[in-house]
Amino acid sequence: MKNSNSISGKLVDPIGRRTVNAKIYFQDGVITQIDESLDAENVYIIPGFVDSHVHIESSLLVPTRFAQAAIKNGTVAVVADPHEVANVAGIEGVRFMIENARQSKLKFFFGAPSCVPASPVDECFEPFTSREVAKLLDLPEVTHLAEMMNFPGVINGNTEVHSILSEAKARNKPIDGHAPGLSGEKLTKYVSAGITTDHECFTLEEAKKKIELGMKVLIREGSAAKNFDALHPIIGQNPSMAMFCTDDCHPDELMGGHINKHVRKAIALGYDIFDVLQVASVNPVNHYRLNVGLLQVGQPADFIVVDNLNDFNVLSTYIKGVNVTNFEEDYAVKPPLFSFPNHFDHQKIKLDFPSGKPVKVIKVIEGELITETLKTSVPGSGYDFDKDILKIVVLSRYNPNNIGVGLINGFGMRKGAIAASIAHDSHHIVAIGANDDSIVRAIDYIIKNRGGMCYYDGNETMGLALPFFGLMTNVDVSDAAKEYSLINKKLKADGCKLHAPFMTMAFMSLSVIPHLKLTPAGLFDVDRFSLTSIFAE
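Here my numbering is used: the first residue of the sequence shown is -19, the next is one more, and so on.
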């Protein structure tokens, strides 16, 4: 038979919810027969894992490089939202992601970004209206409408927001949500607009309320936001209404595991293997109607082989019947040649800070993307190491005259500065530092390299260049992870107390996650959805 193959082992059937010795036959990428037998190899064959919501750009890798790491961890498919690149390069940026992903063995299913820019107060390369969203929804690789972050627009009946939702409904494509902390009548209105998922729950109570309204809750373990510990009871209580996702995961953590980490943690807590596999594989395949197999005859031969059902050490990953575990194809690809106006222009950055009044400070919460507001007084310089207060600067990519300066608490740095061209979702240049000179020097690295991330310690700069839109690199994941880890290690050794400082910094300008953020236009109160004075009332 052409392209025929077979494998034997202990088949863990996620649909029949049983484990049986079996030999699986597959031809031309499809399972043709499953024979149950008394004898089988002492390995377990389980459905491949699916990341139900991920921004590939946050791995700092182009899709093909991301795939190499994900596959080794037993991931066979990802539901990807390319709104990072959409913000900086529009539809052409999304097309780049799709074209690059086509070269990969991993199955990529993309969403059409729904909020470009993330909010009306933010900036981007090319604002998406329902017209641009419709063009993307018509592409075969686009399976859903990506997270609707503009929850005020949904709730208040914004015409354009509802036009975008209507484009997805007209094509019968699922709509992803983004509703951190939303509750009561506002949440009911949001869900009634046809929005079916949420990955922003940070309490079990919040997750349960959303499930009651029919939303599926995505249990997230990314580099900055880690909600598994708070939300895992859903796995046992409501396994049909949950999925696993990483959302945003930097290369060092991706090297150490992907969705398999969620699975391992869930099993260690005593959850039933079939409930866990429903969350890790079955639910995302069914919810997004993905062309991904679940170990059934007539379906694609997408599965993984593991040594046991406790550690889930991946021995091999099969996609379309091919063992792709250790593929090392040459993905030499050059940064796009088309022009997009992302300004990395040098200019004099004024960091003067008015003193004499109580001020509002962005207070970081470890392991969360939400922030709190700290009201206090600071010296005229703006820096107060005893209170762990530093300066944060957001320099616009799209209008070099727009610079926001604010204060931030929780980083623990006493010298130097960090900077990056990754600042969700508009990806302005963002920097946090312990003195003005260090902030300017760190920003200089980003400007000179036309994108990247760096740490200037007061003497020298350690950096990682990101030539693809100022978001990604095409180096091997191990090389990217090594460089990133070295920067992180040095930063933490010098006093930074956050687990993922760069990922945390990247969300300090996102004006759709409560409560206080900084945009190039100034300090932003997400609860009131408006700019606010830096001076405390």
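Hints were generated in silico from the structure; no laboratory data involved.
Hints may be right or wrong, so weigh each one.
Result set (PhoX-like, lysine-lysine): computed pairs, CA atoms no more than 20 angstroms apart in a straight line [unchecked claim]: (1) 169 with 189; (2) 300 with 85; (3) 355 with 340; (4) 395 with 300; (5) 300 with 367; (6) 85 with 115.
These numbers were taken from a predicted model, which means no experiment stands behind them.
### Query
Straight-line Cα separation of residue 300 and residue 367 no greater than 20 angstroms?
violated (55 angstroms)
### Query
Holds or violated: residue 395 with residue 300, Cα cutoff 20 angstroms?
violated (51 angstroms)
### Query
Has the given pair, residue 85 with residue 115, been kept, meaning a C-alpha gap of at most 20 angstroms?
violated (26 angstroms)
### Query
Between residue 355 and residue 340, does the CA-CA distance stay at or below 20 angstroms?
holds (5 angstroms)
### Message
Holds or violated: residue 300 and residue 85, Cα atoms, limit 20 angstroms.
### Response
holds (9 angstroms)
### Straight-line alpha-carbon gap residue 169 to residue 189, limit 20 angstroms
holds (13 angstroms)
Hint violations for this structure: numbers 4, 5, 6, all remaining hints satisfied.
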